[in-house]
Amino acid sequence: MDQFHLFPPQASTSAQEVDHLYFTLILISLFFITVVFLPILYFCIKYRRGSAADRSNPLNGSNLIEVGWTTLPTLMGLALFGWGAVDYFRIERKPANALQVQVVGKQWMWKVQHAEGKQEINELHIPVDRTIALTLTSQDVIHSFFVPAFRVKQDVVPGKYTSEWFKPTRPGEYHIFCSQYCGTQHAKMIGRVVVMQPEAYARWLQTGEQTESIVRSGERLFYDRGCSGCHSPNSKFHAPLLQGLYRKPVPLADGTMVTADDQYLRDSILQPAKQISAGYDNIMPSFSGHLTEEEIMQLIAYVKSIGREESPDQGKP
Amino acid sequence: MEATASLNERTEPTQSLVARQFDDLEQQRGAAELGMWIFLATEVLFFGGLFLAYTVFRSLYPRDFAAASHHTIVLIGGMNTAILLFSSTLMALAVRAAELRNQTTLIRLLLATAFFGIVFMVLKGIEYYKDWTDHLVPVLNFDWHSPNPGPAQIFFWLYFAMTGLHAIHITVGIFVMLTLALMARTGKFTTGNYTPIEIAGLYWHFVDIVWIFLFPLLYLAGHR
Amino acid sequence: MNARVATEIDIRTEGEFARESYLSEHTVRSWLLTTDHKRIGILYLFTILIFFAIASVAAAMMRIELLHPTGGLMTSETYNKLFTIHGTLMVWFFLIPSIPAVLGNFVLPMMIGARDVAFPKLNLTSWYLFVFGGAFATWSLIRGGVDTGWTFYTPYSTTYANSHVISMAAGVFIAGFSTIITGMNFIVTTHKMRAPGLTWFRLPLFVWSLYATSLIMVLATPVLAMTLGLISLERIWGVGIFDPNLGGDPILFQHMFWFYSHPAVYIMILPGMGVVSELIPCFSRKPIFGYPWVGCASMAIAILGFLVWGHHMFVSSQSVYAGMIFSVLSFLVAVPSGVKVFNWTATLHKGSIHFTTPMLYALGFIGLFVIGGLTGLFLAALSVDVHVHDTYFIIAHFHYIMVGGMVTGFMGGLHYWWPKITGRLYPEIWGKLAALTTFLGFNLTFFPLFILGYLGQPRRYHVYPPEFQIFHVLSTAGASILGVGYVMPLIYFIWSAKHGRAAGPNPWRATGLEWQTSSPPPKHNFKETPVVTGKPYDYSAEKDVDLDLANL
Amino acid sequence: METTTHPPKTYWKTCGALMLLLALTWTIGYADLGLFNLILALVIAITKALLVALFFMHIKSSSRLLRLAATVGVIWLLIMLSLTLSDYFTRGWVPLNH
Ligand code: HEA
Ligand code: HEA
Ligand code: CUA
Ligand SMILES: [Cu+2]
Numbered sequence: 001m002d003q004f005h006l007f008p009p010q011a012s013t014s015a016q017e018v019d020h021l022y023f024t025l026i027l028i029s030l031f032f033i034t035v036v037f038l039p040i041l042y043f044c045i046k047y048r049r050g051s052a053a054d055r056s057n058p059l060n061g062s063n064l065i066e067v068g069w070t071t072l073p074t075l076m077g078l079a080l081f082g083w084g085a086v087d088y089f090r091i092e093r094k095p096a097n098a099l100q101v102q103v104v105g106k107q108w109m110w111k112v113q114h115a116e117g118k119q120e121i122n123e124l125h126i127p128v129d130r131t132i133a134l135t136l137t138s139q140d141v142i143h144s145f146f147v148p149a150f151r152v153k154q155d156v157v158p159g160k161y162t163s164e165w166f167k168p169t170r171p172g173e174y175h176i177f178c179s180q181y182c183g184t185q186h187a188k189m190i191g192r193v194v195v196m197q198p199e200a201y202a203r204w205l206q207t208g209e210q211t212e213s214i215v216r217s218g219e220r221l222f223y224d225r226g227c228s229g230c231h232s233p234n235s236k237f238h239a240p241l242l243q244g245l246y247r248k249p250v251p252l253a254d255g256t257m258v259t260a261d262d263q264y265l266r267d268s269i270l271q272p273a274k275q276i277s278a279g280y281d282n283i284m285p286s287f288s289g290h291l292t293e294e295e296i297m298q299l300i301a302y303v304k305s306i307g308r309e310e311s312p313d314q315g316k317p
Numbered sequence: 001m002e003a004t005a006s007l008n009e010r011t012e013p014t015q016s017l018v019a020r021q022f023d024d025l026e027q028q029r030g031a032a033e034l035g036m037w038i039f040l041a042t043e044v045l046f047f048g049g050l051f052l053a054y055t056v057f058r059s060l061y062p063r064d065f066a067a068a069s070h071h072t073i074v075l076i077g078g079m080n081t082a083i084l085l086f087s088s089t090l091m092a093l094a095v096r097a098a099e100l101r102n103q104t105t106l107i108r109l110l111l112a113t114a115f116f117g118i119v120f121m122v123l124k125g126i127e128y129y130k131d132w133t134d135h136l137v138p139v140l141n142f143d144w145h146s147p148n149p150g151p152a153q154i155f156f157w158l159y160f161a162m163t164g165l166h167a168i169h170i171t172v173g174i175f176v177m178l179t180l181a182l183m184a185r186t187g188k189f190t191t192g193n194y195t196p197i198e199i200a201g202l203y204w205h206f207v208d209i210v211w212i213f214l215f216p217l218l219y220l221a222g223h224r
Numbered sequence: 001m002n003a004r005v006a007t008e009i010d011i012r013t014e015g016e017f018a019r020e021s022y023l024s025e026h027t028v029r030s031w032l033l034t035t036d037h038k039r040i041g042i043l044y045l046f047t048i049l050i051f052f053a054i055a056s057v058a059a060a061m062m063r064i065e066l067l068h069p070t071g072g073l074m075t076s077e078t079y080n081k082l083f084t085i086h087g088t089l090m091v092w093f094f095l096i097p098s099i100p101a102v103l104g105n106f107v108l109p110m111m112i113g114a115r116d117v118a119f120p121k122l123n124l125t126s127w128y129l130f131v132f133g134g135a136f137a138t139w140s141l142i143r144g145g146v147d148t149g150w151t152f153y154t155p156y157s158t159t160y161a162n163s164h165v166i167s168m169a170a171g172v173f174i175a176g177f178s179t180i181i182t183g184m185n186f187i188v189t190t191h192k193m194r195a196p197g198l199t200w201f202r203l204p205l206f207v208w209s210l211y212a213t214s215l216i217m218v219l220a221t222p223v224l225a226m227t228l229g230l231i232s233l234e235r236i237w238g239v240g241i242f243d244p245n246l247g248g249d250p251i252l253f254q255h256m257f258w259f260y261s262h263p264a265v266y267i268m269i270l271p272g273m274g275v276v277s278e279l280i281p282c283f284s285r286k287p288i289f290g291y292p293w294v295g296c297a298s299m300a301i302a303i304l305g306f307l308v309w310g311h312h313m314f315v316s317s318q319s320v321y322a323g324m325i326f327s328v329l330s331f332l333v334a335v336p337s338g339v340k341v342f343n344w345t346a347t348l349h350k351g352s353i354h355f356t357t358p359m360l361y362a363l364g365f366i367g368l369f370v371i372g373g374l375t376g377l378f379l380a381a382l383s384v385d386v387h388v389h390d391t392y393f394i395i396a397h398f399h400y401i402m403v404g405g406m407v408t409g410f411m412g413g414l415h416y417w418w419p420k421i422t423g424r425l426y427p428e429i430w431g432k433l434a435a436l437t438t439f440l441g442f443n444l445t446f447f448p449l450f451i452l453g454y455l456g457q458p459r460r461y462h463v464y465p466p467e468f469q470i471f472h473v474l475s476t477a478g479a480s481i482l483g484v485g486y487v488m489p490l491i492y493f494i495w496s497a498k499h500g501r502a503a504g505p506n507p508w509r510a511t512g513l514e515w516q517t518s519s520p521p522p523k524h525n526f527k528e529t530p531v532v533t534g535k536p537y538d539y540s541a542e543k544d545v546d547l548d549l550a551n552l
Numbered sequence: 001m002e003t004t005t006h007p008p009k010t011y012w013k014t015c016g017a018l019m020l021l022l023a024l025t026w027t028i029g030y031a032d033l034g035l036f037n038l039i040l041a042l043v044i045a046i047t048k049a050l051l052v053a054l055f056f057m058h059i060k061s062s063s064r065l066l067r068l069a070a071t072v073g074v075i076w077l078l079i080m081l082s083l084t085l086s087d088y089f090t091r092g093w094v095p096l097n098h
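Chains as they are written, first to last, in this note's numbering: chain A, 1 to 317; chain B, 1 to 224; chain C, 1 to 552; chain D, 1 to 98.
Some clues are possibly wrong.
Stated by the list, open to error - Short, incomplete list of chain A residues facing chain B, as computed with Cβ under 8 Å: (1) 254; (2) 255; (3) 271; (4) 272; (5) 273; (6) 274; (7) 286.
It is worth saying that the hints were derived from the structure and are not from the lab.
This structure is a prediction, so every number in the text was calculated from the model and none was measured.
Backbone N, C-alpha and C define an ideal beta-carbon position, used for all residues, glycine too.
So here's chain A without its partners, still in its complex pose (with noise of 0.2 Å):
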């Protein structure tokens, strides 16, 4: 047996915070407990049948006293949620500058894939000290991908992306688990995260086959699949092109207007008929089915990093 804790490690900055969310919790808890087990305690034996207390003028309620055990636990209780939810806020939203890891879970196990195109299976190396942001989905049912040294934990669903980032601040081995139920092997949809050093971190991505990056396979995928044969300036087809589209607003037909988001972009190849771009037909044929979700990430990648060259005028109406 190995050695035995009563807290799991702490190696993510959010670990931190999660943790000092905890030990308050436990003090308040110790507090209620205290004020309500002693006395009933100090009652039982004070109080006992036959005992010679003195049980004169008993109370039999007070609305001072109720409104005021009313009042302490409703303000602690603000005052908890506030602080849990500042934390919360903080883990929800991806960051902007992180190392982008591409997750795709499924039944059993976890595919990743590293931007610079290296893949890997229930395993997930990564730097330490660097912010990295997973993108994840399934391709069944809902999974969760938890670390518990990182105290990070996100359901992955399937046909949408869900996002989980940490910064890892100790080098290690972590267990990664999937938390949500998902079918017979669900215990063992498990695997490790490796946080390493920089330096060995930049000399694992180099082992193995030499792999080309997600935006390298991506870009190709663009080609061979014929998006480029109407996405692009000099096609017969009226399509938008996609360049500088990441992260703008777009016009829909039907007037309002959304983000181009990671879902957007997906649901554009998935099902073009959702939103259909202001000024466009609905001639974009659904992907559904012919893309693997490691494709469609790629694909995605790919129409994200042209999203930062100049974008030429042609082709928008």
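Assemble the complex: chain A is given as a structure, and chains B, C and D with the ligands must be docked to it using the hints.
Here is chains B, C and D with the ligands on its own, set in the frame of chain A:
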């Protein structure tokens, strides 16, 4: 212990109509009425699950829902609304007839209510048949000319689930009305205990109200 | 209630009350066609015990499997089916009907001085529906079980599971209607059938809590029914409203499920709180402290309880802002629970406390519920929940409330009203021993799971990293003690029903109306409808009574 | 005993109003008013439902208890709808973390 001897004090002629757990007819009627209203509250939430799904998907896929709604037959939906509203009026009059101890009118009105219920079902049946021949039935023969038929299929699934559940309620209602009409022939409801009629009326009006919402949501979402 | 009690009722000889009590008839028919609320309560008692036994055996098997990190006793399929069976049966076929349908059915009408519930035939129907639903659930077990977990999350349950989801869903669906009927009956009974003089603020707190529970039963259960219906139809037809590949949304399922299931957890605690609110004053010989606050707290919990369901979905990809709304409301719903706890504590002040078996259970309830409830606050705190969601921390949280709270409350209530139900006393010393055994066994079983959960052990795992083993071993050890604690009452209750000492109408010298009739009560409860002239829990005349424990 | 007898005239008037509202909602259904289509349709439906409840189901002359029982289901439905939609409508709002 002081006691009201209410148990032994039943001298009214309506005595036999009062179940053993109640003191008098009024208590019994109050209980039945309240019970029915609570049942209707559960019904609201039972249908509510479907209304929630409808709301969520309509907000996710407004265009598909409008397009799909365009394929419903507004004429039948509208006529059916009128029919139900009218039958509800008759039902309200039936309760009144029972209260006034007017046996013949009561029976006639109950039968008329049931009749309009049946007309509703017949029209609904015709509509379902049209839906079938138009290939609008999810899974069984759904054929939607769009690269992405999912949302439209969801619309029609909800359409069938909601109208189907409603139709089940109408059917139950029709049987209740017919049974009550039969029982009314013995004069059971015209001697002062018209609670069953009243309760059945509440049910029928409720089913009417559900349809009042189904009509605009399902039929009128896409006809512009 | 007015204080004239026991002594004024003619204490009959055994033979006499045996003849005219509600138990007098012995034919099977007289049981299966009964519309007597007391008999229906007993029918429920037997039925839920069967399901408790099955679900407990499942728990025992899981605990044994978890002794070793690599399992080895069973396949993963088997384990997955065990926790599903355990969860579904415990929740819907044991705990939800436990106090309401057994004790509630038995005492509610008597407590308000009525001859029966408002709709006795529906009451019987509700039991039949329950049995029918139970039959479906059992059928699904016999055919091989279900492996979705009690939460039936989509799209696993709709598309991927190859187990008997539909028959289980149908079972729960049908049992749901039995719950709805019980709730309807209680609400109408409480409104319309109270004895003369029994105003709302004179009602026993158990009635208040059952009323609040019934509200939840009536308003939440239909949504569960619809949700399970949709799951079954999805499995049959695969239309896709929960399937993202067809444009559906699995998160919608979670909203619908938890809209029911969070309020349902209050169905599983409010009645227990009600029982405790009866026991504490009775065995302190003192009115409850802050009566209107305790009563209204039940209502507040029931209503606020409907507004917090999203706290089960903090990491589900629900909107962050919705998460915050649900979190703050979760903290607020904890406040009325606290009010109850504080009032119970204050009731002990200057009481004359009798440590009878029911009182031990009541005190156990307070202790374990407070721990379970306070750990609920950990879960309501957003950032901490991100870490502990779907770990053993959750398992520990809800077992503390459901087993430590509600089951303990059920045992307390059962011991308290047992003399009323059977007319006989159980052996007090054994009762105390069992109460202590369950308390100790319980803590050993479930406390280690909090630590385990924070360490990161996910739930629904039958194999796990070896460093977690020590906690699992402790837990299994506790479970075997706990198991013994549950088996003991089973034995002495059965024994006492035949051989126990006659209890007399009011062995506890309690003030509730149910104690003002013989034990077991006559068929129509009271010879004359009682009239209430004062507040409940008026123990002023009985303050110094010494319940002769040796004789109990 | 509380009586519910209402003159038939009330019922027929209610019926007439309901039919008018039906005609109105039906007509509006064919006009393109953007979001107002939905809003008006719902307002009319709610009015109709109220008419049925008030007059046919006698809520107008019922006790407070029955009125409460009649509204509670609707209120709870609104709770379910509004809190669920609070999730759906705020999903895309989270800004990036810089
Ligand atoms: C009877 C059952 C029951 C009860 C009563 C409760 C009561 C509470 N529950 Fe629990 N809960 C469950 C059964 C129950 N729960 C179950 C079964 C699950 C898991 C379902 C699954 O996923 O399978 C669950 C899961 C669960 C979660 C989701 C966790 C997750 O999956 O990530 C959350 C999150 O907020 C939560 C919170 C609470 C809160 C705040 C209360 C509160 O009502 C508790 C209130 C009580 C107290 C707080 C103690 C007394 C108060 C004081 C002494 C005063 C001091 C108070 C303050 C400072 C405010 N519960
Ligand atoms: C509602 C009531 C309820 C009750 C009363 C219980 C009672 C118990 N529960 Fe359970 N439990 C749930 C509701 C309940 N549970 C729910 C809803 C889940 C979630 C399911 C899901 O994830 O879908 C769950 C899940 C759950 C798990 C987590 C499984 C997992 O996620 O992998 C565990 C593990 O320890 C557990 C244990 C127990 C134990 C030890 C008891 C004990 O109280 C039982 C005591 C009884 C006995 C032990 C049996 C009788 C004794 C003997 C036969 C003697 C021999 C015994 C031994 C040698 C051990 N329960
Ligand atoms: Cu994947 Cu659990
Ligand atoms: Cu909850």
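Cross-check of the supplied hints:
1. With 8 Å as the threshold, the beta carbon of residue 254(A) comes within range of chain B, its nearest partner Cβ sitting at about 6 Å, so the hint holds.
2. For residue 255(A), the shortest C-beta to C-beta distance to chain B is roughly 11 Å, which exceeds 8 Å, and the interface hint is violated.
3. Given hint, residue 271(A) at the interface with chain B, holds; its Cβ is 5 Å from that chain's nearest Cβ, closer than 8 Å.
4. Checking residue 272(A) against chain B: minimum C-beta separation of about 7 Å stays under 8 Å; hint holds.
5. Interface hint status for residue 273(A): upheld, as the beta-carbon distance to the closest one in chain B is roughly 4 Å, under 8 Å.
6. Against a cut-off of 8 Å between C-beta atoms, the interface hint on residue 274(A) holds, since the closest Cβ of chain B lies about 7 Å away.
7. Taking 8 Å as the C-beta cut-off, the interface hint given for residue 286(A) holds, the closest approach to chain B being about 4 Å.
Hint 2 alone, counting from the list given before, is not met by this structure.
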